Amino acid sequence: MKIVVQRVKSAKVSVGGKTTSEIGAGFLILVGVGKEDREEDLKYLSKKLTALRIFEDDKGKMNLDIKEARGSILSVPQFTLYADTRKGNRPGFEMSAEPQSAKKLWEDFNSMLESCGADVKEGIFGARMEVELINDGPVTILLDSKGRYV
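According to this note's numbering, the sequence shown is numbered sequentially starting from 1.
It is possible that part of the hints are untrue.
[Claimed, not checked] Cut-off 20 Å, straight-line C-alpha distance, at most; resulting in silico cross-link-like pairs (PhoX-like, lysine-lysine): (1) Lys67 with Lys47; (2) Lys146 with Lys43; (3) Lys9 with Lys59; (4) Lys104 with Lys35; (5) Lys43 with Lys121; (6) Lys9 with Lys121.
Simulated from the structure, these hints should not be mistaken for laboratory data. Keep in mind that this is a model prediction, so the values were computed, not measured.
Turn these sequences into a full structure, and let the hints guide you.
Listed below in structure tokens is the structure:
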């Protein structure tokens with residue numbers, strides 16, 4: 001599983017010109033599910049994300065996690081995070097999970113985030129979404145469940 005984490009002042013998702021989800025301060029996360037991802041990947045990244053200390057404390061140091069900062073998470077499915085661009089100019093998506101499996105894992109991941117105490121809003125799986133955000137910092141972190149050290 002791959003996640004792009006953006007610390008935001010606000011973010012929203014619209015489909016067909018209608019806002020479907022929005023948050024104030026927190027994380028906008030773009031979530032890519034790979035064909036080899038399993039429950040252990042979800043568990044690892046849900047714990048990692050909710051413990052990630054990238055919000056500033058009263059001294060201006062990145063020292064607070066999402067719960068301490070009282071932020072929310074807007075989770076947006078993004079299969080293109082698994083694009084393979086090594087050959088040619090058109091990306092291939094063979095490493096992305098099949099849609100039915102990806103949707104279930106993404107939904108399970110969002111539930112795990114909630115179990116970790118996060119306030120989670122969602123984009124719409126499979127929809128053509130417009131995502132707006134006000135980046136804070138900017139702070140952008142890449143997380144990959146396959147790149148962890150165990």
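Satisfaction of hint between Lys59 and Lys9, Cα-Cα up to 20 Å: Within the cut-off at roughly 19 Å; holds.
Restraint status (C-alpha distance of Lys104 to Lys35 at most 20 Å): Holds, because 12 Å separates the two Cα atoms, which is no more than 20 Å.
Distance restraint between Lys43 and Lys121, which requires alpha-carbon spacing of 20 Å or less: Holds, at roughly 18 Å.
Given pair status - Lys43, Lys146, alpha carbons within 20 Å: The given pair, whose Cα atoms are some 12 Å apart, holds under the 20 Å limit.
Restraint status (C-alpha distance of Lys9 to Lys121 at most 20 Å): holds, 15 Å
Lys67 paired with Lys47 [C-alpha distance capped at 20 Å]: Status holds; Cα separation ~12 Å.
When the structure is compared with the earlier hints, no violation turns up for any of them.
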